[in-house]
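*Asks:* As they're listed, the protein sequences go chains G and A. Following the working numbering, the numbering of the first sequence begins with 15 at its first residue and continues without gaps. Following the working numbering, the numbering of the second sequence begins with 15 at its first residue and continues without gaps.
Derived from the structure by calculation, the hints contain no laboratory data. What you are looking at is a predicted structure, and each value in this text was computed from that prediction instead of being measured. Careful, some of the hints might be misleading.
Copies of one chain are not kept apart here, so a pair can be met inside one copy or by any two copies together.
Computed list of lysine-lysine pairs in DSS-like fashion (alpha-carbon distance at most 30 Å, straight line) [stated by the list, open to error]: (1) Lys-247 / Lys-91; (2) Lys-93 / Lys-247; (3) Lys-206 / Lys-138; (4) Lys-226 / Lys-138; (5) Lys-93 / Lys-289; (6) Lys-25 / Lys-247; (7) Lys-18 / Lys-105; (8) Lys-247 / Lys-273; (9) Lys-273 / Lys-206; (10) Lys-18 / Lys-138; (11) Lys-51 / Lys-288; (12) Lys-138 / Lys-281; (13) Lys-288 / Lys-25; (14) Lys-248 / Lys-93; (15) Lys-95 / Lys-247; (16) Lys-51 / Lys-18; (17) Lys-66 / Lys-95; (18) Lys-209 / Lys-105; (19) Lys-51 / Lys-91.
There are 2 protein chains.
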Amino acid sequence: MNLKPITDLSKLCIHTITTKPWTIEEAARNYAAHGVKGITVWRDALSGRNIKQTGEMLRQLDLTIVSLCRGGFFPGKEKTKRQAAIDDNRKAIEEAFELGTKMIVLVCGADPAQSLEDSRMQIKDGISFILPEAEAAGIKLAIEPLHPMYADTRSAINTLAQANDMTEALNSQWVGVAVDVYHLWWDPQLEKEIKRCGKNNTLLAFHVCDWKSPTVDLLNDRGIMGEGCIPIKKIRSWVEATGFNGFNEVEIFSDIYWKQDQSAFLKNIISSYKKYL
Amino acid sequence: MNLKPITDLSKLCIHTITTKPWTIEEAARNYAAHGVKGITVWRDALSGRNIKQTGEMLRQLDLTIVSLCRGGFFPGKEKTKRQAAIDDNRKAIEEAFELGTKMIVLVCGADPAQSLEDSRMQIKDGISFILPEAEAAGIKLAIEPLHPMYADTRSAINTLAQANDMTEALNSQWVGVAVDVYHLWWDPQLEKEIKRCGKNNTLLAFHVCDWKSPTVDLLNDRGIMGEGCIPIKKIRSWVEATGFNGFNEVEIFSDIYWKQDQSAFLKNIISSYKKYL
Chain G
15 MNLKPITDLS
25 KLCIHTITTK
35 PWTIEEAARN
45 YAAHGVKGIT
55 VWRDALSGRN
65 IKQTGEMLRQ
75 LDLTIVSLCR
85 GGFFPGKEKT
95 KRQAAIDDNR
105 KAIEEAFELG
115 TKMIVLVCGA
125 DPAQSLEDSR
135 MQIKDGISFI
145 LPEAEAAGIK
155 LAIEPLHPMY
165 ADTRSAINTL
175 AQANDMTEAL
185 NSQWVGVAVD
195 VYHLWWDPQL
205 EKEIKRCGKN
215 NTLLAFHVCD
225 WKSPTVDLLN
235 DRGIMGEGCI
245 PIKKIRSWVE
255 ATGFNGFNEV
265 EIFSDIYWKQ
275 DQSAFLKNII
285 SSYKKYL
Chain A
15 MNLKPITDLS
25 KLCIHTITTK
35 PWTIEEAARN
45 YAAHGVKGIT
55 VWRDALSGRN
65 IKQTGEMLRQ
75 LDLTIVSLCR
85 GGFFPGKEKT
95 KRQAAIDDNR
105 KAIEEAFELG
115 TKMIVLVCGA
125 DPAQSLEDSR
135 MQIKDGISFI
145 LPEAEAAGIK
155 LAIEPLHPMY
165 ADTRSAINTL
175 AQANDMTEAL
185 NSQWVGVAVD
195 VYHLWWDPQL
205 EKEIKRCGKN
215 NTLLAFHVCD
225 WKSPTVDLLN
235 DRGIMGEGCI
245 PIKKIRSWVE
255 ATGFNGFNEV
265 EIFSDIYWKQ
275 DQSAFLKNII
285 SSYKKYL
């Protein structure tokens with residue numbers, strides 16, 4: 015494994031949802047004060063704010079706005095639901111443009127009332143519909159495959175192979191994939207599929223956290239890097255072997271950590287980042 | 015989809031753990047009284063009993079003992095743990111022989127302290143070690159791939175492709191696979207891989223239940239068939255297209271149903287079986 019050790023925070027990005035109890039202003043000030051260089055903004059963090067001014071505030075703190083999280087949720091057995099999703103994704107593209115980020119992460123969606131095959135067709139159609147707006151705004155769309163335990167409602171795209179297949183089928187420089195170790199670590203095809211999107215120049219984002227044993231909640235029990243069993247260093251080595259030079263994005267949903275003092279949690283993230291990435 | 019409707023209970027098997035509050039004697043009497051023809055025995059249900067006599071009791075009730083559940087859990091970073099697993103699997107083979115069943119289901123195991131690749135090698139070695147005893151006892155070993163959400167501690171074999179790969183590598187008429195819709199429904203390769211084990215004559219068991227939305231517990235929140243989003247009929251059609259003529263085994267772990275009256279639950283299982291399989 016050929017891996018450069020992490021010596022600074024120049025490639026560390028944190029998702030606002032990771033420190034959910036903080037407002038985006040608190041998060042940004044604290045991230046910047048600790049030397050974090052990137053931020054991925056969840057849309058709920060922008061609620062009630064002037065998005066353009068918020069983007070300026072982040073840049074003044076020397077934070078790169080890595081992406082807006084999240085678009086997607088295209089499938090729906092009912093046409094009205096699918097149309098609402100298209101509208102919401104167009105709104106997300108506007109928000110990303112105002113914020114001044116160049117990427118939107120797509121959690122593609124699924125509807126348990128229909129087959130996964132139907133959901134996948136609707137995802138492909140949905141992305142096709144919004145592609146012209148994304149291109150006009152200069153925003154890349156990153157398809158994030160989600161863990162198979164989310165195949166009922168959150169994503170019918172559950173492996174990197176599927177995300178790569180869809181990216182190749184859409185065949186646009188504005189579409190790529192996000193690799194999140196939490197969703198993909200178990201997959202025996204992961205190294206091969208990371209190479210594949212690397213070759214295609216479609217590896218757009220790299221998300222990290224850890225899988226705890228035991229994990230007691232399907233959604234909000236993610237671990238800090240080093241706390242679980244994901245071979246993060248190995249996966250980072252595969253990602254970087256493709257030439258990926260983007261941020262390492264820390265995305266942790268945790269009822270446990272959200273209850274703790276967020277400053278202490280941030281320090282824990284930073285020290286774990288240096289040690290376990 | 016070419017699928018014969020279910021018209022009777024001649025192929026219905028229930029796992030003792032499905033009605034966990036019942037003793038094996040209660041379960042067997044109730045299953046038989048309702049016309050259920052098969053039972054899969056979980057080892058804990060045999061605790062403190064004469065296993066041979068228990069087997070006779072089940073046969074007198076005209077129940078086919080489909081399998082003993084479960085062997086496996088081969089991996090361990092420590093050698094002592096791996097040796098203990100081998101010993102326990104040999105004990106399981108003895109128990110299966112005494113009980114008079116011809117199959118053991120293997121939940122293969124994983125150890126979060128080591129890589130999935132190491133766990134997989136130890137699983138292969140472990141099965142190799144116990145194969146002579148299985149063959150001597152006339153017991154088939156069914157490798158059950160488990161959902162990727164169990165890759166940390168329960169199984170490093172998470173897709174049917176992996177189980178088929180391992181079965182082919184072991185190359186013994188005493189080793190095959192168990193297909194459980196709960197673990198595998200999300201996998202876009204499922205139809206192809208069911209065909210593959212069908213062709214190899216290694217499809218040994220078919221387990222059913224459903225995936226609820228939302229699922230609130232990683233282990234004990236399975237649904238009755240029809241209650242969730244798994245395309246059970248479609249998967250049964252793939253399984254039967256291979257020529258599989260074994261039992262449809264209902265395996266439900268549910269804190270909710272275990273709290274209910276088990277007779278009512280059994281009636282619910284039977285009516286759902288007729289409707290949704």
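*Asks:* For each hint, tell me whether it holds in the structure or not.
*Replies:* Status of the hints after comparison with the structure:
{"no.": "1", "hint": "Lys-247 / Lys-91", "in the structure": "between (40 Å within a copy, 20 Å between copies)"}
{"no.": "2", "hint": "Lys-93 / Lys-247", "in the structure": "between (43 Å within a copy, 26 Å between copies)"}
{"no.": "3", "hint": "Lys-206 / Lys-138", "in the structure": "both (23 Å within a copy, 23 Å between copies)"}
{"no.": "4", "hint": "Lys-226 / Lys-138", "in the structure": "between (33 Å within a copy, 25 Å between copies)"}
{"no.": "5", "hint": "Lys-93 / Lys-289", "in the structure": "between (48 Å within a copy, 28 Å between copies)"}
{"no.": "6", "hint": "Lys-25 / Lys-247", "in the structure": "within (15 Å within a copy, 48 Å between copies)"}
{"no.": "7", "hint": "Lys-18 / Lys-105", "in the structure": "neither (39 Å within a copy, 48 Å between copies)"}
{"no.": "8", "hint": "Lys-247 / Lys-273", "in the structure": "within (28 Å within a copy, 44 Å between copies)"}
{"no.": "9", "hint": "Lys-273 / Lys-206", "in the structure": "neither (38 Å within a copy, 45 Å between copies)"}
{"no.": "10", "hint": "Lys-18 / Lys-138", "in the structure": "neither (37 Å within a copy, 34 Å between copies)"}
{"no.": "11", "hint": "Lys-51 / Lys-288", "in the structure": "within (14 Å within a copy, 59 Å between copies)"}
{"no.": "12", "hint": "Lys-138 / Lys-281", "in the structure": "neither (40 Å within a copy, 42 Å between copies)"}
{"no.": "13", "hint": "Lys-288 / Lys-25", "in the structure": "within (11 Å within a copy, 56 Å between copies)"}
{"no.": "14", "hint": "Lys-248 / Lys-93", "in the structure": "between (43 Å within a copy, 25 Å between copies)"}
{"no.": "15", "hint": "Lys-95 / Lys-247", "in the structure": "between (40 Å within a copy, 27 Å between copies)"}
{"no.": "16", "hint": "Lys-51 / Lys-18", "in the structure": "within (19 Å within a copy, 60 Å between copies)"}
{"no.": "17", "hint": "Lys-66 / Lys-95", "in the structure": "within (29 Å within a copy, 58 Å between copies)"}
{"no.": "18", "hint": "Lys-209 / Lys-105", "in the structure": "neither (33 Å within a copy, 44 Å between copies)"}
{"no.": "19", "hint": "Lys-51 / Lys-91", "in the structure": "neither (41 Å within a copy, 38 Å between copies)"}
When the structure is compared with the earlier hints, violations turn up for hints 7, 9, 10, 12, 18 and 19 and for no others.
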